[in-house]
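Novice: Sequence:
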Amino acid sequence: MQSVILSATFYGGIATISFAGVLADRYGPKLIVIALTFDYIIVTLLTPILAQHSYYAFFVSRVIMGIGEGFMFPCLASIVGKWFAPAEKSTVAALYTSGNQIAASTTSLISSYLCTTSFGWPSIFYLYGAVGCVWVVFFYLIVSNSPANNRFISDKERAYLAEHVHHSKVKSSGAAPWRSILTSRPLIAAVLCAFTYNTQASLFHAFLPTFLKEELMLPLHMNGFYSMTPFITQLISKNILGVFADYLKRNKIVGHTQCAKIFQSIGSFGSAFLLIAIATIPSCENPYIALPLLALYGEYLESLQILTLSTLRPLLYFRSPPSVTRPFSIRHRGARHVCTSYHGDAGVVMLTGCYAHARVPSTL
Numbered sequence: 102m103q104s105v106i107l108s109a110t111f112y113g114g115i116a117t118i119s120f121a122g123v124l125a126d127r128y129g130p131k132l133i134v135i136a137l138t139f140d141y142i143i144v145t146l147l148t149p150i151l152a153q154h155s156y157y158a159f160f161v162s163r164v165i166m167g168i169g170e171g172f173m174f175p176c177l178a179s180i181v182g183k184w185f186a187p188a189e190k191s192t193v194a195a196l197y198t199s200g201n202q203i204a205a206s207t208t209s210l211i212s213s214y215l216c217t218t219s220f221g222w223p224s225i226f227y228l229y230g231a232v233g234c235v236w237v238v239f240f241y242l243i244v245s246n247s248p249a250n251n252r253f254i255s256d257k258e259r260a261y262l263a264e265h266v267h268h269s270k271v272k273s274s275g276a277a278p279w280r281s282i283l284t285s286r287p288l289i290a291a292v293l294c295a296f297t298y299n300t301q302a303s304l305f306h307a308f309l310p311t312f313l314k315e316e317l318m319l320p321l322h323m324n325g326f327y328s329m330t331p332f333i334t335q336l337i338s339k340n341i342l343g344v345f346a347d348y349l350k351r352n353k354i355v356g357h358t359q360c361a362k363i364f365q366s367i368g369s370f371g372s373a374f375l376l377i378a379i380a381t382i383p384s385c386e387n388p389y390i391a392l393p394l395l396a397l398y399g400e401y402l403e404s405l406q407i408l409t410l411s412t413l414r415p416l417l418y419f420r421s422p423p424s425v426t427r428p429f430s431i432r433h434r435g436a437r438h439v440c441t442s443y444h445g446d447a448g449v450v451m452l453t454g455c456y457a458h459a460r461v462p463s464t465l
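Letter 351 of the sequence shown, counting from 1, is numbered 452 in our numbering, and no numbers are missing.
Everything labelled a hint here was simulated from the structure, so no lab data went into it.
There's no promise every hint is true.
To be verified - Capping the alpha-carbon separation at 25 angstroms, the derived lysine-lysine pairs in DSS-like fashion look like this:
1) LYS183 with LYS314
2) LYS183 with LYS257
3) LYS257 with LYS131
4) LYS131 with LYS183
To be verified - Ranges of calculated distance between the beta carbons of each label pair, as one might list FRET restraints:
5) PHE296 with LEU242: 45 to 51 angstroms
6) ALA396 with TYR261: 44 to 50 angstroms
7) ILE382 with ILE135: 44 to 50 angstroms
Where is the CB? At the ideal position from N, CA and C, for every residue including glycine.
Generate the whole structure from the sequences, applying the supplied hints.
Specialist: Okay, here's the thing in C-alpha cells:
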C-alpha cells in the first residue's frame, strides 16, 4: 500500500504530460501553472482529512495532484526558455531547479519539527497549503509568459532578450516527425541521462528519512537535519557549477558535448560509489559517518549529474538554435518527461517491495 501511495502522483502525471505542451501553446503557460497550483493547494489542504478517513480517497487525491504536476515542467520550461540566452543554459537550469533543493531542505526540517508539536503531522499540510496560496498571488502579479509583456523589466533588458533569445514559431498544424525524433541520438542520450538520474533521485527522496530512522536509529529532530544536508549542499554547489559550466563553454574551453560527457561521467560513477558507501558504512552505532557522505553526495556528485542534464536539456527545454526539436519543443518536453517518469515510479515501487519483503530487522 505504501508503494502505491508513493507512486500515485506519477500515475496522474503520466496521464497529462503527453498533451500538457499543447495546452501551454494554446492558453499560455502562466495560466496553466496558476490552475495546477490551485490543484496542489486543494489536495494538500484536504490530505489530513482524506488520509484519516479513506485510503482510496487519499490515493485518488494524490493522482489528481499528479495530473497537475504533469503540466508543471513543460510550462515552466516554456517560460524560462524565453527569458535566458543560449549561452546561459547551464546557469538557468541550475537556477530554476533550485526550488527543488530549497523545498526539500526546508520542509525536512520544518516537517520534523511540526510532527513533535501538539498540532501533529496534519499541520504540515495546512502550512504548505497556506504557503501555496501566498505563492500563487505573487506568481500572478509578477510572472509573465514572455519579456515582451512584462512590466517589471527595463527596455534595455527587453531589447537584449529580443536580440539573444531566438524563438521559433510553434506549428499549429502538421504532423510531428515522430520517427526522426524518437530515433534521434541526442534525444535518446537526454532521455537516458534523465532516466538514470531521476531513478536515483526518486528513490533517494522517498526513502532517505526512512533509512535514517529505521536503520541508523536517528531521533526525529536529527532525521530532519540529516535529510536536509544533501539538498543544502547541492543547492549551493550546483548554482556555482552551473555558472562554471557556462564559462567553460562560452570561452570555448570545452564544447557542449564534451562538457556533458565530463560532468555525466564524474556524477554517475561518483554518486554510485557514494550511495554504496551510505548504505554500507554508517550504522546505528556510528550514524554520524552518514553526514559527511550525504553532504558530499549533494555538494559534488549529484550536482554534477544535474548539470549534465542541464547541458542536454536545451535539446528539449529551450527554444534556441541548437534545439533538435525546436518547432515542436513544448510538446516534446512532455514526451521526454513521460519517458523519464516511468522509471521514477518503477523505482519507488521496486524499493518499497524490497524494503517490505526482504528487510533485515534493525534489532539484528
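Novice: Need the status of pair LYS131, LYS183: alpha-carbon distance at most 25 angstroms?
Specialist: holds, 13 angstroms
Novice: Using the beta carbons of ILE382 and ILE135, state whether their distance is inside 44 to 50 angstroms or not.
Specialist: holds, 46 angstroms
Novice: 45 to 51 angstroms was suggested as the range; check whether the CB atoms of PHE296 and LEU242 agree with it.
Specialist: Taking Cβ atoms as reference, PHE296 and LEU242 lie about 37 angstroms apart, which means the hint is violated.
Novice: With the threshold set at 25 angstroms, check whether the alpha-carbon distance from LYS183 to LYS257 stays at or below it.
Specialist: holds, 16 angstroms
Novice: Quickly compare the C-alpha distance for LYS183 and LYS314 to 25 angstroms and report which way the hint goes.
Specialist: violated, 44 angstroms
Novice: Take the C-alpha atoms of LYS257 and LYS131, compute the straight-line distance between them, and say whether it is at most 25 angstroms.
Specialist: holds, 24 angstroms
Novice: Could you check the hint for me, namely that ALA396 and TYR261 are 44 to 50 angstroms apart, CB to CB?
Specialist: Cβ of ALA396 to Cβ of TYR261: about 38 angstroms, so the range 44 to 50 angstroms is violated.
Consistency note: the structure conflicts with the earlier hints numbered 1, 5, 6.
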